[in-house]
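Engineer: What follows is the residue order along each chain.
There are 2 protein chains.
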Amino acid sequence: MSETESIKAIKGGEFLIRETQADNIFIPEEWNEEQLMIAETCTNFLAQNVVPNLSRIDEQEEGLMPHLMDEAGALGLLSISIPEQYGGFGKDFKTSMLVTEKLGAGNSFSVAFSAHTGIGTLPILYYGNDAQKEKYIPKLASGEWKGAYCLTEPGAGSDANSGKARAKLSADGKYYLLTGQKMWITNAGFADIFTVFAKIDDDENLSAFIVEKDFEGLSLNTEEHKMGIKGSSTRQVFFNDCKIPVENLLSERQNGFKIAVNILNIGRIKLGGATVGASKEVITQAIRYANEREQFGRPISKYGAIRYKLAQQAIRTYASESAIYRASQNMEEAMEMYMASGLDETKAKLKGVEQFAIEAAIIKVHASESLDYVVDEGVQIYGGMGYSAEAPMDRAYRDSRINRIFEGTNEINRMLTVDMMLKRALKGELDLMGPAQKVAGELVSIPDFGGSEDEGLFTQEKKYIANFKKAVLMVAGAAVQKLMTQLGKEQEVLMYLADMLIELYVSESLQLRVEKLVGMKGEGAAKEQLDIMRVYINDAAGNIAKAGREAINSFADGDERRMMLMGLKRFTKTEDINTTQARRNIAAKLIEENRYCY
Amino acid sequence: MSETESIKAIKGGEFLIRETQADNIFIPEEWNEEQLMIAETCTNFLAQNVVPNLSRIDEQEEGLMPHLMDEAGALGLLSISIPEQYGGFGKDFKTSMLVTEKLGAGNSFSVAFSAHTGIGTLPILYYGNDAQKEKYIPKLASGEWKGAYCLTEPGAGSDANSGKARAKLSADGKYYLLTGQKMWITNAGFADIFTVFAKIDDDENLSAFIVEKDFEGLSLNTEEHKMGIKGSSTRQVFFNDCKIPVENLLSERQNGFKIAVNILNIGRIKLGGATVGASKEVITQAIRYANEREQFGRPISKYGAIRYKLAQQAIRTYASESAIYRASQNMEEAMEMYMASGLDETKAKLKGVEQFAIEAAIIKVHASESLDYVVDEGVQIYGGMGYSAEAPMDRAYRDSRINRIFEGTNEINRMLTVDMMLKRALKGELDLMGPAQKVAGELVSIPDFGGSEDEGLFTQEKKYIANFKKAVLMVAGAAVQKLMTQLGKEQEVLMYLADMLIELYVSESLQLRVEKLVGMKGEGAAKEQLDIMRVYINDAAGNIAKAGREAINSFADGDERRMMLMGLKRFTKTEDINTTQARRNIAAKLIEENRYCY
Ligand SMILES: Cc1cc2nc3c(=O)[nH]c(=O)nc-3n(C[C@H](O)[C@H](O)[C@H](O)COP(=O)(O)OP(=O)(O)OC[C@H]3O[C@@H](n4cnc5c(N)ncnc54)[C@H](O)[C@@H]3O)c2cc1C
Ligand SMILES: Cc1cc2nc3c(=O)[nH]c(=O)nc-3n(C[C@H](O)[C@H](O)[C@H](O)COP(=O)(O)OP(=O)(O)OC[C@H]3O[C@@H](n4cnc5c(N)ncnc54)[C@H](O)[C@@H]3O)c2cc1C
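As given, the protein sequences belong to chains L and Z, one line each in that order.
When the count follows the numbering used here, it moves up by one through the first sequence with no breaks and lands on 598 for the last residue.
When the count follows the numbering used here, it moves up by one through the second sequence with no breaks and lands on 1196 for the last residue.
Just chain L, same shape as in the assembly (with noise of 0.2 angstroms):
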């Protein structure tokens, strides 16, 4: 990649100032022949193997789950993404973004899955040097060893750096001392390695250690009992003077922290992936059950009630997946552009995730959201059915409601969302001033009502989103203003700011998608697609708007509230379209095809 290219390349956050131009971008309609067929080998083998077995599993059949990560190993799918040096397919982020995708119909297996090759495998990875990866990661690449990640305690679970693990050096010098308890530790029952955290001495951040299940004094708790994931193995993990060898500090001392961070950056937008698979799993119930069901003489997809909800089920999914792979190709570009650069192919990778990881927040949170909306409404769907253990919903219901829990609270990436921006803001690295005091600028001028001349399929949808860029702007750079550092503590503030950044960030993603796809297949092949970037964007514009007034009224007053109010308005107006046709149309099509079929 040449000099320019790489400066032309968009960096994280920059959404906010930049337009993207549709070429730019991946879309999921263009996944190559070689990706489609390792996601058809992960449906097939949900398919053969999970899914006939989800109430064993759930029960925690002794030795099943490792067993089924055992199957899913043999099948590659734990290395997709790991270097062929280490044993593995060497491929890159977005196809394995895929395989997370599509695994993530799997309610417990997903989660096991996802813990293993994320949290479980990627610490070592990318922070090992090569005799920790030489010997940890290809045992792990191939299921032989499962992997656990122990951050969480009891007292220390959003404060993740104020653990009180402590290890210390033992007098030999050969050893380190860990003593300390961890808590929600996924795959624990069975995992071989565990990634821990704690902090050495009185250091001020937590170091990482690679422990073995069998170091001594490393013992397990019973598994605790859950709402949902029941066939994931969640215990405490106690260490009790554990052995760690000191050739088992991972990356160097105080490098814990960050190391957590970054692991979660990655497994951020990996749950949006394992959410948007789950949704598209529920949704295609849904419909089979609502072409199935009969009352009032006729199948419950021909009603109105029923054919809306499908709509909304399948617009929120297609939209959260038109993010999710935005920014995992922008991901993947940054890395290229980082080893280009010359750095080594870890680093570039860190680097490159890192560089997006306010967007990586906001794919967490709107797809564990639009997960739990579509779980929701497939339980209504079924009527009672929705409530019993024997069907379906009631397992998705439960499954999906860890998503906004775990990989850091939504809370807490609302507010890392706007957080991370202001920083970079600070920093230098984005330009949010300039754009903001020309948003207020405009705001004492006389608006340009003058209609464009251009009518293009996506002017109109172009103009909305440049002008909720405008009203963001708008309402962070009055609050920086107003608020200065103050801005922490207004915590409301900030999650009104994420709600409008993720919405603009989403429906900018969507519209591009469609974009693409109209332009790669013709409008006559994506009208329902159209349909839903119009139905999406219409909504959020009434999000933004709300979010917007209830932010400004909280911190403006008098005639500096009225003005942003008025702004706020402009800047979130959209022209009236009929959305309940539009939902039908999207419906029907779903209904015709009797799954999801965007």
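Calculated from the structure, these hints are not laboratory results.
Do not rely on the hints blindly, as some may be mistaken.
[Stated by the list, open to error] Within a straight-line C-alpha distance of at most 35 angstroms, the following computed DSBU-like cross-link-like pairs (lysine-lysine) qualify:
#, chain 1, residue 1, chain 2, residue 2
1, L, K438, L, K8
2, Z, K1080, L, K438
3, Z, K1080, L, K589
Using the hints, position chain Z with the ligands against chain L.
Structural biologist: For chain Z with the ligands alone, kept in the frame of chain L given last:
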């Protein structure tokens, strides 16, 4: 009650076209000492008998639930509103609502209690002849016999009248022989008395029968496995030429559907009461947890993100509650009025409830969705512990979800809300056309922007609510005109209208409640309630605007559309208020009192 008073009494559905005076509603701040003592009995009963046993109850420990029912019976809790002649306390409807509310915090026990005292007892109480009442009611009132209600079948849920169960007279004319399969029958596992709905021969409509568990030909399936309310017995009940003495036909042949519907009317408002009771308990738990749990060096209740949630939980709950007791009082007054006009007590009670069936459906939807909001944020506030079966939110979250499904799904109740309203208008019972035309006229005249001189504490909110009514009338009137007989098929429009009606009714109830409260205790003692009112109505305006806009855009075009949208904007305009500060005030008091306190 004098003739003039009875003429002036408000009718069901009339809230849309008539103003109510704050003095004319009942508010929960008016419970008298006796009622508060009864409430305390309920609270103590739960604390001593139910809460310590929640897990055992959910495991359906043999005999436990019927035993708890017996204990509740011994305290008189099963017979609060049963006439004294049948061994009850003969208390008024509101008091029975209060008991339902308080016991609503009892998870599965609440469901067993509600089913027994509601659908299990009331069909006989309201429709039984003297002999039937004398035989069954005293034992149902004491709890010696437990009741269940068999309407739903595998193929007949929402469409309850379509069931296949059939009864025919035996050759000797002494028995009805009933054959069929009933599904999802609450309390079936231990019920002694089943009210069963089935058609006789080829009747068009259902009849109802009182069936004792020992009647030959009745059998039970095993317990259903459910998402939640696991302690509530739910079974299929099979009837195989089940021998029912002819004297156990309830009411008249083919009167069953009417019985079912009328009993559901009561069930809906009672469900509202129960969900409010559950909400308050969950909010208290969430507050306590937020006050105890520390992250980043302080209790999480100090964080704006958490305070926002606590405030919203309280706002929705207080709003639901306002509507519930307003409607309960209305029902009670209607009952008295009917009695005064010469109807016998039973008929008067039924007609009183039926009169406010629209309000009951509204309440069912609003209160069940409020509880789902409350438990969802409850889980979120608990973070990882929200997902643990050891903490209370998991159960609350799963148990809550049934409420949007039974007693008529929320979709069915939304449609009924609009449907009943329009039917009453057609029958001339409600003059909607006049007011709707007046609003339509207003659309083409110059709006009166003159601010009123009177700047009372509620002037603004009263104006908003008057405008909300105009918004509903405008959209409903146009929808009826445009879509005519098609309207039933345009379910989306029915749903939008229902959402508008719900927000209107609840907003008005809340405003009237706070007004009456201020009248009773002064403004200073109701500061937070005033904030609750302002935030709720502010949000309601947004919701009404959104639903109205989607409705209008679905059926109107051109100038007409433009005019209606302008009208809608005018009718849903509210002054900007600092909702963030208001929510903080509301939360501050909750946090300080460490419990739900409104
Ligand atoms: C099933 C399951 C599996 C898990 N797997 C793992 C695993 O494998 N490894 C691991 O290390 N951890 C794991 N976790 C832990 C998970 O990451 C934490 O539960 C999560 O980070 C939240 O922490 P917490 O539970 O302590 O909640 P808390 O941090 O106590 O949060 C409680 C509430 O307070 C809010 N809150 C907290 N701080 C703030 C603030 N500053 N401002 C505003 N609001 C705030 C939160 O958003 C939440 O709403 C798992 C958890 C579960 C339930
Ligand atoms: C735990 C539990 C306890 C219960 N207890 C009892 C009991 O004690 N006695 C009893 O008789 N019944 C009981 N029920 C049954 C309950 O009342 C029904 O489940 C409910 O009425 C819904 O019917 P259904 O399950 O057949 O759903 P369906 O009617 O099949 O509905 C499926 C979906 O279609 C929608 N739908 C249906 N018709 C239409 C339409 N015309 N237009 C638009 N949408 C439509 C529904 O809203 C729902 O979203 C219980 C159910 C449960 C789960």
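Engineer: Z/K1080 and L/K438: Cα distance at most 35 angstroms?
Structural biologist: violated (46 angstroms)
Engineer: Is the hinted pair Z/K1080 and L/K589 satisfied, with a Cα-Cα distance of at most 35 angstroms?
Structural biologist: holds (27 angstroms)
Engineer: Take a quick look at whether L/K438 and L/K8 sit within 35 angstroms of each other, Cα to Cα.
Structural biologist: holds (22 angstroms)
Hint 2 from the earlier list is the only one contradicted by this structure; the remaining hints agree with it.
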